[in-house]
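Chain order of the listed sequences is P and G. Read in our numbering, the first sequence has 371 at position 371, and its numbers run on one by one without any break. Read in our numbering, the second sequence has 172 at position 172, and its numbers run on one by one without any break.
Careful: at least some of the hints might be erroneous.
A few chain P residues that face chain G, going by a derived Cβ cut-off under 8 Å, partial list only [claimed, not checked]:
1) L35
2) K75
3) F87
4) I90
5) A96
6) S97
7) E214
8) P248
9) H261
Distance ranges between label pairs, derived from CB positions [what the hints assert, rightly or not]:
10) D226(P) with P105(G): 36 to 42 Å
11) R365(P) with E52(G): 37 to 43 Å
12) E52(G) with V256(P): 24 to 30 Å
13) Q86(G) with D333(P): 45 to 51 Å
14) G118(G) with A335(P): 24 to 30 Å
15) P105(G) with V387(P): 42 to 48 Å
Negatives, chain G to chain P, calculated, CB over 12 Å [said to hold, decoys possible]:
16) A13
17) R49
18) T151
19) L163
20) D237
21) G243
To be clear, the hints were calculated from the coordinates, so they are not data collected in a lab. If you're wondering where the values come from, they're calculated on a predicted model, not measured in any experiment. The C-beta atom is built at its ideal place from N, Cα and C for all residues, glycine as well.
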Amino acid sequence: MEIELTRRAETVNELLARYGVKFGIYKNNEFKEQLFPFDTIPRIIRKDEFAYLEKGLKQRVMALNCFIRDIYGDKKIIRDKVVPEEFVYISSGYLASCDGVLPPRGIYAHIAGIDLVQGRNDKWYVLEDNLRVPSGASYPMIAREICRKSSPATFETYHVEDNRDYAKLLRWTMDYVNTGGHTVILTPGRYNAAYFEHSYFAEKTGAHLATGSELMVEDDYLYFVDYSGRREKVGAVYRRISDEYLDPMTFNEESVIGIPHIYDVYRKGHVALLNAPGNGVADDKGIYYFVPKMVRYYLGEEPILQNAPTYLPYYEEDMRYVLEHFDDLVLKDVAEAGGYGVVFADRMTAQQKEDFIALLKREPRRFIAQEVIDFKDIDIVENARRVPRKADLRAFVLMVDEPIVWKSGLTRFSRDPDSFIVNSSQGGGFKDTWVLSQ
Amino acid sequence: MKTLQFHYHMEIAFSEPVHSHIYTLKCLPQTGGAQRIEKCVYRITPGGRVQESTDSFGNRMLYGTAQEEHSLFLVDVTGTAVTGVQAPNMPQDTPDLSVYRYRTPLTQPGRRTRELLGHCRKRTADMSLRDKALVYMEAVHGSIQYGKGVTDINTTAEDALALGSGVCQDYSHILLALCREDRIPSRYVVGMMTGEGESHAWVEIYDGARWHGFDPTNNVPVEDAHIKISHGRDYRDCSINRGVFTGQAAQRQSILVEVTENGGTPA
Numbered sequence: 001m002e003i004e005l006t007r008r009a010e011t012v013n014e015l016l017a018r019y020g021v022k023f024g025i026y027k028n029n030e031f032k033e034q035l036f037p038f039d040t041i042p043r044i045i046r047k048d049e050f051a052y053l054e055k056g057l058k059q060r061v062m063a064l065n066c067f068i069r070d071i072y073g074d075k076k077i078i079r080d081k082v083v084p085e086e087f088v089y090i091s092s093g094y095l096a097s098c099d100g101v102l103p104p105r106g107i108y109a110h111i112a113g114i115d116l117v118q119g120r121n122d123k124w125y126v127l128e129d130n131l132r133v134p135s136g137a138s139y140p141m142i143a144r145e146i147c148r149k150s151s152p153a154t155f156e157t158y159h160v161e162d163n164r165d166y167a168k169l170l171r172w173t174m175d176y177v178n179t180g181g182h183t184v185i186l187t188p189g190r191y192n193a194a195y196f197e198h199s200y201f202a203e204k205t206g207a208h209l210a211t212g213s214e215l216m217v218e219d220d221y222l223y224f225v226d227y228s229g230r231r232e233k234v235g236a237v238y239r240r241i242s243d244e245y246l247d248p249m250t251f252n253e254e255s256v257i258g259i260p261h262i263y264d265v266y267r268k269g270h271v272a273l274l275n276a277p278g279n280g281v282a283d284d285k286g287i288y289y290f291v292p293k294m295v296r297y298y299l300g301e302e303p304i305l306q307n308a309p310t311y312l313p314y315y316e317e318d319m320r321y322v323l324e325h326f327d328d329l330v331l332k333d334v335a336e337a338g339g340y341g342v343v344f345a346d347r348m349t350a351q352q353k354e355d356f357i358a359l360l361k362r363e364p365r366r367f368i369a370q371e372v373i374d375f376k377d378i379d380i381v382e383n384a385r386r387v388p389r390k391a392d393l394r395a396f397v398l399m400v401d402e403p404i405v406w407k408s409g410l411t412r413f414s415r416d417p418d419s420f421i422v423n424s425s426q427g428g429g430f431k432d433t434w435v436l437s438q
Numbered sequence: 001m002k003t004l005q006f007h008y009h010m011e012i013a014f015s016e017p018v019h020s021h022i023y024t025l026k027c028l029p030q031t032g033g034a035q036r037i038e039k040c041v042y043r044i045t046p047g048g049r050v051q052e053s054t055d056s057f058g059n060r061m062l063y064g065t066a067q068e069e070h071s072l073f074l075v076d077v078t079g080t081a082v083t084g085v086q087a088p089n090m091p092q093d094t095p096d097l098s099v100y101r102y103r104t105p106l107t108q109p110g111r112r113t114r115e116l117l118g119h120c121r122k123r124t125a126d127m128s129l130r131d132k133a134l135v136y137m138e139a140v141h142g143s144i145q146y147g148k149g150v151t152d153i154n155t156t157a158e159d160a161l162a163l164g165s166g167v168c169q170d171y172s173h174i175l176l177a178l179c180r181e182d183r184i185p186s187r188y189v190v191g192m193m194t195g196e197g198e199s200h201a202w203v204e205i206y207d208g209a210r211w212h213g214f215d216p217t218n219n220v221p222v223e224d225a226h227i228k229i230s231h232g233r234d235y236r237d238c239s240i241n242r243g244v245f246t247g248q249a250a251q252r253q254s255i256l257v258e259v260t261e262n263g264g265t266p267a
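Next comes chain P alone, as it looks inside the complex (with noise of 0.2 Å):
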């Protein structure tokens, strides 16, 4: 099969340059911008088999949702022993600060990224869920739109679902929780690793986009504050910085980046924060192994989407396994993300495996081991050869009064062969997601 756009390379390329599609990353402390590799090749989802992700992400998502509302309610899950209570109350994402707190409408997984592979016998897994602050939705979305300029036959032979409306899904999640007042992107600044993404948000949204020195606090509303010096209400904030700097008065003290008080007037109810603060504690791996427990346990259903084989080393029966089967797995360290902390353990010396197994033994909840999941590899064009790499796809569910799952994604691929960590921040590369239309 060969699409007409992929002879289109270069241009589109050229054209993502000059738009700034950047991915920032840091080496040895040093901020570097660089461009994010785009290849050509998309990957193709069929109508049938996205209808079948998007139910099974749907009701993840809103097991997800569940969870963190009874993890700051009622606490039923672990009163009913389903989740030992320990992995929420050490998981770095359980914010004490959040308890008793109902964020309005009671979401607090608005935008979620749920990281998928699948694998070469066609089943697709769910490698990780992310709550906090997913990002990735705008690059397959420039993509397109540079794509359909670049050669339009292609979308004429092709009949793909349109993913240009992420914008308007965005700003319809970010409304209907919006308590009354303007919309706003809050970001770190332009060192960010994301920074096009929310610039290219609130272009596309029509939100305003922030810094923290942009917002303040007066008599328990938020506002945001323009060159002029005038002031608006702000009714909901899409937050693309971690919960920790947020707010000093709160969470870390040191944070310069935050807005004093926000999480008060946040907690009385007068704005709106996407994603709520706190909801990290369903992202944490180590809980990632129980989330088919919590489909089960709120929804009263069989989950459709499964996890990749995963042991806790915490149970004793897991460790053993663990042990046992130590060269083919794959270990994580529930502390990290952005492929940090990952190691596979047949690509350990003798050394490491038995330091790395002392680690296991001493603190066990620090970690997960999960089989090795031989992915399905995707086409790539590298030095204008087709060649295989491995990829996942990072699907986006957007809550409002349900769960709406955007029909396209982020797919990313490993530029190494040998490589299955796919990360931006490890330098992989992206491809479009099409979703078929028939």
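Fit chain G to the known structure of chain P by using the hints.
Coordinates of chain G only, in the frame set by chain P:
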């Protein structure tokens, strides 16, 4: 049971005038447990319009922004507390205990904490929770020397043990680290006490029915000499004052606390 008059005074002196001073204070004692607050008034200068709220641990918060330029920020809280109340109808907070069972960064145990716990455990087999807490408290009291200026607000329990010295905050963190290794619900308390000129910190332990205070700095169980202001998992949940301001200024904070028994003379 005692009736105590209290006065909490905090002042921050700035080397240069500052403005847009944003603050959150957790400085108001509340009725609950074994204390009844009969009167409590506060004054914040300059305070701007003060908002009130309650944090997730149940502590009362006062917050606001002092917009105008100032070189001195003053907080005064005065009132009357009845302590050591054993009346059955006193409000008892029986919150979610689990949050108080697990370590925090400041109460993270290390080798020294575990050694200390090992010594204690030799003596506490078959003991009731309260007796056990007394043993732990005594061990903590003897584990470091009281001394100011050695530790700071970021010192962990384990670090304080290594330094061999600390203040009430460090004693409390060590006791919390021990209790939490045993999954005993235990919390950090900030308050005032008779004969103590500064704010004080101690620990409360839940025995299945109610919270009991233990003061490891003084090696005494809390009866009626202490007035509690706030509680949380560790120091960070209870800091009396948090603030940010605009201005290039050094700040010096001083605190003066006076707790006297009705009819008695100031200590």
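Against the structure, the hints come out as follows:
1. L35: With a closest approach of 38 Å, the L35(P) hint is violated.
2. K75: holds (6 Å)
3. F87: Hint on F87(P): violated, closest Cβ of chain G at ~10 Å, above 8 Å.
4. I90: holds (5 Å)
5. A96: Holds: closest Cβ of chain G sits about 5 Å from A96(P), inside 8 Å.
6. S97: holds (5 Å)
7. E214: violated (14 Å)
8. P248: holds (6 Å)
9. H261: holds (6 Å)
10. D226(P) with P105(G): 36 to 42 Å: Check passed, 39 Å falls within 36 to 42 Å.
11. R365(P) with E52(G): 37 to 43 Å: The hinted range 37 to 43 Å holds for R365(P) and E52(G), with Cβ atoms some 39 Å apart.
12. E52(G) with V256(P): 24 to 30 Å: holds (27 Å)
13. Q86(G) with D333(P): 45 to 51 Å: Between Q86(G) and D333(P), where Cβ atoms are some 49 Å apart, the hint holds.
14. G118(G) with A335(P): 24 to 30 Å: holds (28 Å)
15. P105(G) with V387(P): 42 to 48 Å: holds (46 Å)
16. A13: Holds, because the least Cβ-Cβ distance between A13(G) and chain P comes to about 20 Å, which exceeds 12 Å.
17. R49: violated (6 Å)
18. T151: holds (17 Å)
19. L163: At about 23 Å from chain P, L163(G) clears the 12 Å cut-off, so the statement holds.
20. D237: violated (7 Å)
21. G243: Answer for G243(G): violated, closest chain P Cβ roughly 8 Å.
Hint violations for this structure: numbers 1, 3, 7, 17, 20, 21, all remaining hints satisfied.
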